[in-house]
Every structure is written in structure tokens, then in C-alpha cells.
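All chains should be modelled from the sequences, with the hints used to inform the complete structure.
Taken in order, these protein sequences are the chains called A and B. Throughout, our numbering is defined as the position within the first sequence, counted from one, plus 7. Throughout, our numbering is defined as the position within the second sequence, counted from one, plus 41.
If you are wondering where the hints come from, they were derived from the structure by calculation, not from laboratory data. Please note that a few of the clues may not be correct.
What follows is a list of derived Cβ distance ranges for each label pair [as the list claims (entries may be wrong)]:
#1 A:E305 to B:P132: 54 to 64 Å
#2 A:Q96 to B:R231: 52 to 62 Å
#3 A:D112 to B:G64: 28 to 38 Å
#4 A:S40 to B:N232: 57 to 67 Å
#5 A:A205 to B:D200: 42 to 52 Å
Here are some chain B residues pointing at chain A (derived, C-beta under 10 Å) [to be verified]:
#6 V50
#7 R113
#8 E116
#9 I120
#10 W122
All residues carry an ideal CB built from backbone N, CA and C; glycine is no exception.
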Amino acid sequence: MTYTNQSQVTTPPHTRAPHTKPSAGAIALDSVSKSYGPVHAVRDLSLEISPGETVALLGPNGAGKSTTIGMLLGLVAADAGKVTVCGRQPRLAVAHGRIAAMLQDAGLMPGVRVREIVGLAASLYPAPMPVGQALSLAGLSDVAKRRVDRLSGGQAQRVRFAMAAVANPEILVLDEPTRALDVAGRTEFWQAMQAYSASGRTLVFATHYLDEVSGNASRVVVLMHGQVVADGVPEEVSKLAGASTIRFTADARPPQLGTLPGVSGVSWRHNRASLRTAEPDTTLRALMALDLGWRDIEITPPSLNDSFLMLTQEGS
Amino acid sequence: MSYLRLEIVRMLRDPKYLALAVGAPIGFYLLFATLFGGSPAQPGQLKGTVEIMVAMAAYGAIWAVLSTTAPRIAEERQIGWLEQVRAMPIPPRRVLAAKVIASAATALPAIILVCLTAATVKGVQLSAGQWTALVAAMWAGSAVFAALGIAIGYTIGADAAYPVSYGLYMAMSAIGGLWVPPAILPEAMRNVAQALPTYRLADLGWKIAAGQAPTGASVLVLLAWAVGLSLVAYLAILRPRVRVRTRHPAAA
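Right under this line is the structure:
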């Protein structure tokens, strides 16, 4: 309960491009709320995203990620608040090809070939990129003539990506793009994505895979119960959990470990100790002074995983 | 418009369409016209080869239209293609319009190929005006079944849409006099037949082939079905879709 009720634990977002007027932002959500009956999917959410940012929307199921994305595309009407995309209403931004999305449950038109369906998407947008370029960007050139219903899960997902990328949008939105993909499929997918975001475009993706955040996002926004509970560069959000871990092997179990400076917890597994500490440097100096004959020391920095678990579990 | 072009391409590519909407009526025509294609059963009636031609043209056209709407719409709803379309800059009504036009386009070859078979193989002879009127009237009349297809596609799930469409199609064809000459149907069935769009669609063709104008009753019955089914289709489209999208495990 503590976290969501507090004034949100929001770390300042990383260096943002200074913008002269509000419309310079790529995306602005201003006190937006949306309920489905008794369920508050999104409550009073405000979020600004600048051009060129790569933002991960992170949160458990039901945190409001898909609803937020639906509002960015004008598929979901907000009950209150204002959504602006590239300085205009979401539906206009879609129509002008400024924003394009890969939705979570989107299917592909059965019975057509890869090149045809990507070509169809291209024909709907005002300033598309060449279809061949979108295909090669998505790594689909080899299967361009294959029917879309005969693709692997990873290939089908990259077709969806190509259908959004071919719009040549300023903002690309991906809703859990790698859900239901195996490890190889996920790796292939993110390779394609990195090639795309290297072109300096704004990328917003929802995920609940933490390992996808650190490598692929410049900013992470953690959602919980439809609200932002953390917002910052991945390293900053990782530090919210506040604890590094020092592990080492020792033959004895000295009782004074728990009283070392900075240590908030000690646990043992066979003869290997784990110390959780907010100040690993200080703890380590004190540990060396103890002269326990420890060996195989290992220091792990705070992980996004820990922060995420802390934020989402304490919030629920 | 490329959406329409792609719709037509994928319909023509579908082997089931070619087999059931084009192949089957031609095959049945050749079979029935050979068996029953002799002189008219009663004076003033059409020759068997002509009557069966019209019935089979209707039979093919109906399935062409129905099979390219109902099961496809249901499938596209289920797999989320219509969801994908919503995220792209194309209005949903244009997507539906493209489907209906493409669907109607697939009915034309079904009608023309049966007529062509009748003319070349069985020597059916009509005036140029009759041929044109026959094809045009039956093509236009088959649009009723697009409304039926949309209504089914938006109300029934993907698994059931095909069997339901096919069952309705078969029942309405049999009772509507496409399989046996309506004249030899029992009185009670004939009354039912006259209320069905299948019978009335064929009746347009029978009258034209006999050198008459289609009866007002046939046109009215078809129009009534078209209006009624369009209304059902419209309501089915507007029906709020229940989406299990917002999972909220910790809602309380």
C-alpha cells in the first residue's frame, strides 16, 4: 500500500531534450483517467515523452499498459484528461502517419503474402518508407513471398513490426512485442528493433520482461494500478530497491556480519553468505577489516528486478 | 484502393471458393442438365437446361457471396485482424465496404461461368439482352446474401461461422427450389420457398430467361430480406464487443 499512496516515488527522468513549447513533445498525457466499470485501468496519469526517447512501459498485467497505449492511438477514449501526440489528437496523429503501433492481440489478414500485407499498410499512410526497406529492417526479405499464415511466431511478430515501421512514423508503439516468442524469436526481434531505434525515432514499448528493458530502453516508466510509480533511466530505477548484494564463501558464520555498516540483511546458503547493503563500498571495507578468511567475493549492483518486485509488490 | 485489391486477390486464391462456388455449380449443372434437361415438364415452362442453369448460377453466386463474408469476417474478428485495422488510418466502414465489394465481385464469375457452360455445352440460347439482364439481375440479387454473411460474421464465432453458413446455404437452396424444380415441390414447401431469397433470386433469372420481366413480388421479397438482414448486420456490428483485455488481478 505504501508506495502508491505516497507521493509517487518518481526519480527525475534522464536528460530530456529541452522543448520550447508543449507541442514539441512527442507524447503528452495530461492527468488521464480511464475506467472499465468498477476497474480503474488508468488513474490520473501524466507522462511526457520527448522525441528520440526509447521508453519502456513496465508493469504487471492489469497495470494499465495496454489502456495507455490504446489512448495514444485514439482506440480508447479517456474519461478525463488530455492526450496529445505530436501536438495533435491521437486519431489525427495516426491518420497523418506520425504514430504507428504494433498491438498485442493484432492478427494478420489470412491468405495474403508478407510483402502484400506490408504493402497494404504502406498504402494507408501518407509518407511510408519503401516496402522493401521495411521488410529488410524487420528481417523479412527472405520470406517476403510466404503466406502470412505459414510463418513462425517470431516471423509473424516481425510482420506486425514491419506493418507499423513502414508507416515511417515519428513514434513507434509496441505493446508487449515479444510476448509468446521463444528466446531465439525475442533475440531476433530486438535486433530488428535496435536497427530501427538507431535512426533516432521515438520508441515506446510495453513489456513485463525486465531483461528487455536494460538493453533496449533509455527510460523506464513503471506502472502499477494505472499510475506511474517510478520513472527514470533503467539504472536509476534499479537503485530504487537500494540494495547491492555482496556474496562470499566462508567456513565459519561470524555473528557480527549483520552489524556491519550499511548491511540490511544476511543470509547463508551452505557456506556462502549474502549481504544486502545500501553502501557496498563501506560494507566491503568493514568486511575486509574483519579478516574472516573469506574467498570468491562477488558484488552485484541493485537490479531492476529487485526494484520492480519492490515497487509492484509493495504497491499491491 | 489496395485494400479492395488485396481482398479480391485472396478470395480468388482460395481453393475452396473455386471448388464450391464455381466448380460445384458447373459440375451439378452438367449432371442435372444431362439427366433432366429434356423438354419442359409442362407447356409454358422453361426447358430443363435453362431452368437448371439459372438455379445453378444462383447456387454458385450465393455461396460465393456468403463464403467470402460470414466465415472470413468471423475469422478476422477472432484473430484480431480487425483490431489491427483499427490501429491503422483506415475507417472501419471502408474495410467493410471493401469486403462487400470484393465478395460481390466473386459472385460474377460464378454466374457467368455457369451460363457459359450452358451456352457452349448444352446449347442454351438467349438473346444478348436476356443474357445481360439475367447476369445483372442475379448478380445484384446476390447482394442480399452479403448482408446475411455480415450478420453471421459479426454474431457467430470463427469455428461455427463456416458450418452455420454452409448449413443455411444448403437448407435454403434445397427448400428454395435450386435443387429440384419448384413446380414439383409439395404445396407447403412451395409456400415456404416463395418467402426465401434463394427462390426469389432464381426466380429473377427464370422470368428473364422466359422472356418476361421479373415479378414485383420477387423484387420486393429480395428487398425485404436485404433491408432486414442489413439491419441485423448493422446491429451486430454495433454490438459492444466484450473484450477480455484489461486483466486486473489485484483490482481490490
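Against the structure, the hints come out as follows:
no.: 1; hint: A:E305 to B:P132: 54 to 64 Å; result: holds (59 Å)
no.: 2; hint: A:Q96 to B:R231: 52 to 62 Å; result: holds (59 Å)
no.: 3; hint: A:D112 to B:G64: 28 to 38 Å; result: holds (36 Å)
no.: 4; hint: A:S40 to B:N232: 57 to 67 Å; result: holds (59 Å)
no.: 5; hint: A:A205 to B:D200: 42 to 52 Å; result: holds (44 Å)
no.: 6; hint: V50; result: holds (7 Å)
no.: 7; hint: R113; result: holds (8 Å)
no.: 8; hint: E116; result: holds (6 Å)
no.: 9; hint: I120; result: holds (3 Å)
no.: 10; hint: W122; result: holds (4 Å)
The structure shown violates none of the earlier numbered hints.
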